[in-house]
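Q: So you can see what is in the structure, the chains are spelled out below.
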Amino acid sequence: MAVLELTNISKHFGAIQAVNDVSFSLEAGQVVGLMGDNGAGKSTLVKMIAGNFRPSHGTMKLDGADLVLHRPKEARQHGIEIVHQDLALCNNLTAAANVFLGRELRRGVWPLRILDYRSMYKRAGEIFRELKSETRARDLVKQMSGGQRQAVAIARTMLSEAKIVLMDEPTAAISVRQVAEVLNLIRQLRDRGIVVVLISHRMPDVFSVADRVIVMRRGRKVADKQIAASSPEEVTGLITGAIEQV
Amino acid sequence: MAISLDQTIEQKQRSWFAGIMSGQTFWVLIAVILACIFLSMATDSFATAKNIYNITRNVTFVAIIALGMTLVIITGGIDLSVGSVLCLCSMVLAVVMNAGYSIEIGIAASIGTALLVGAFNGTLIAYLGFPPFVVTLGMLSVARSLAMVASNNTVVFQFGPDHDKLLALGGGAWLFGIANPVLYMVVLALLTGFVLRWTKFGRYVFAIGGNEHAATLTGVPVARIKVIVYMISALSAGVAGIIQTGWLGAVTTNIGAGMELQVIAAAVIGGANLAGGVGTAFGALIGAALIEIIRNSLGLLGINAFWQGSFIGGAIVLAVLFDRIRNLRHGE
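First to last, the protein sequences are chains A and B.
1 is the number of the first residue of the first sequence in the numbering used here; add one for each residue after it.
247 is the number of the first residue of the second sequence in the numbering used here; add one for each residue after it.
Treat each hint with caution, since some may be false.
What the hints assert, rightly or not - Reference excerpt, derived from the structure (chain A facing chain B, CB under 10 Å, subset only): (1) His12; (2) Ala15; (3) Val68; (4) Arg76; (5) His84; (6) Asn92; (7) Arg118; (8) Val141; (9) Arg156; (10) Asp191.
Stated by the list, open to error - Here are the simulated SDA-like pairs of lysine to any residue, each with C-alpha atoms no more than 20 Å apart in a straight line: (11) B:Lys296 to B:Asn542; (12) B:Lys446 to A:Leu140; (13) B:Lys446 to A:Met203; (14) A:Lys122 to B:Asn542.
Derived from the structure by calculation, the hints contain no laboratory data.
All C-beta atoms in this analysis are idealised placements derived from N, C-alpha and C, irrespective of residue type, glycine included.
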């Protein structure tokens, strides 16, 4: 059964049609590569699933039930997690503070509910260990390497039992060794039955980890097929428009 | 010897003490302490009970507003209207009490005015995307003008039936001979420090200053927090206004003129970063204290008062210079 089902989704900003009549469904335990050139509508599409934007038209269904999101918090309550392209990190806060940003753990009784630093450090430390990352929960993000920053952003998605993890260009700005780490992590998420949507420009990453590829061009979906049945050459052609549609 | 991953993770990045040592606030505190020691030895009049009483009381008005200002600055904003808001709130209190109402009603009206002004500033900034500088610059003008309208630009020094209560509130010393304003300042500073360190609200204030976009993406109610922050800033000005009214025993329409610059100076000397994301309640107090000690000492040392501005300006630049040097060393 489909975990997430998009039907005729469109989004326009004034006169600009960012996403135009896109439909697809995502199944559990699948890694789906979402590809397309800059401005193809990938990020807009993902932001609608993550609750940052509301679709202008069309419907989304999660586990068969209608899904209407007003803010990112609601998406997370439904088990939809996102790793933003710019990682959405606050440099002036610690790794743990960033991991728990927007869903801080607290202790005590109302009205004296105070931040539970100890539990947040502990849980963040556990997640970093699980990710096999040399990230320390108490360090300021300001002082971290690209890979550590990536780990902090990914750690957020592991706070709760996610159904869908959306990753916006997770391998764009990190070293080769770190790319391998991130791809391994994606496989770990998949093995837990999580749907991973991987938005990427990097053909090798998508072809090594994804089961399926969806290609967008100028707001429209131009391809949706199994990785095994496609090739980097075909996908490149679809992205650039050399191949119209498949 | 090999160090395992777990050991690396477990090792605290820096000790509590090292964290304190590296802060700008620490060095300003050292400067304050050294200045006090120097002045105690160089003059007979500094370390007297009367002078200490004066200094601590004079510090409070700037310090209380600097607490609110620090919150605003941490979010990456600025509030230029605090001096005028102080004036407006003092005047509302004075006019209401002068008309024969009780002190409770006077204070309620004054605080209500502050919250309204703050909500107005905050709404324009957070929901309509106005630059904080512009909105609060406008309010700087509007609030003082309203104070003049409310009082017909007269001096109010009769506060109706509760006249004595108001003067005791601001001018008394109910606990161990410590001036009341100082007590209020300490309580408000502890409260601000607690909120910043231990509450979700405080965490969000820092997050907005660090990366507003990230805060929005992770579901922090950015606009709401910003409105509250400007309300707190105006409230701190209102509270300072009420206390100052009780202390002075009279309100004119020019009290608090130019105070916003002293308040911002105190916050910045105390370590708040105008770029956002950094600042402490303790720093605001220390910054205000340094400014007041400079002012006080120039008088005691017999230095021409015209030099005051130069010394305070020098302190602002010097305090931030320490921070810059540290960042350069870290190869920022």
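Q: None of the hints should be skipped; say for each whether it holds.
A: Against the structure, the hints come out as follows:
1. His12: It is violated, given that the least Cβ distance between His12 (chain A) and chain B is near 21 Å, above 10 Å.
2. Ala15: 21 Å, violated
3. Val68: 16 Å, violated
4. Arg76: 7 Å, holds
5. His84: With a minimum Cβ separation of about 6 Å from chain B (threshold 10 Å), the hint on His84 (chain A) holds.
6. Asn92: Hint holds; Asn92 (chain A) Cβ to chain B Cβ min 4 Å, cut 10 Å.
7. Arg118: 13 Å, violated
8. Val141: This interface hint holds because 9 Å falls under the 10 Å limit.
9. Arg156: Constraint on Arg156 (chain A) satisfied, holds at 8 Å.
10. Asp191: 22 Å, violated
11. B:Lys296 to B:Asn542: Holds, because 12 Å separates the two Cα atoms, which is no more than 20 Å.
12. B:Lys446 to A:Leu140: At roughly 18 Å apart (the allowed maximum being 20 Å), Leu140 (chain A) and Lys446 (chain B) satisfy the hint.
13. B:Lys446 to A:Met203: 41 Å, violated
14. A:Lys122 to B:Asn542: 49 Å, violated
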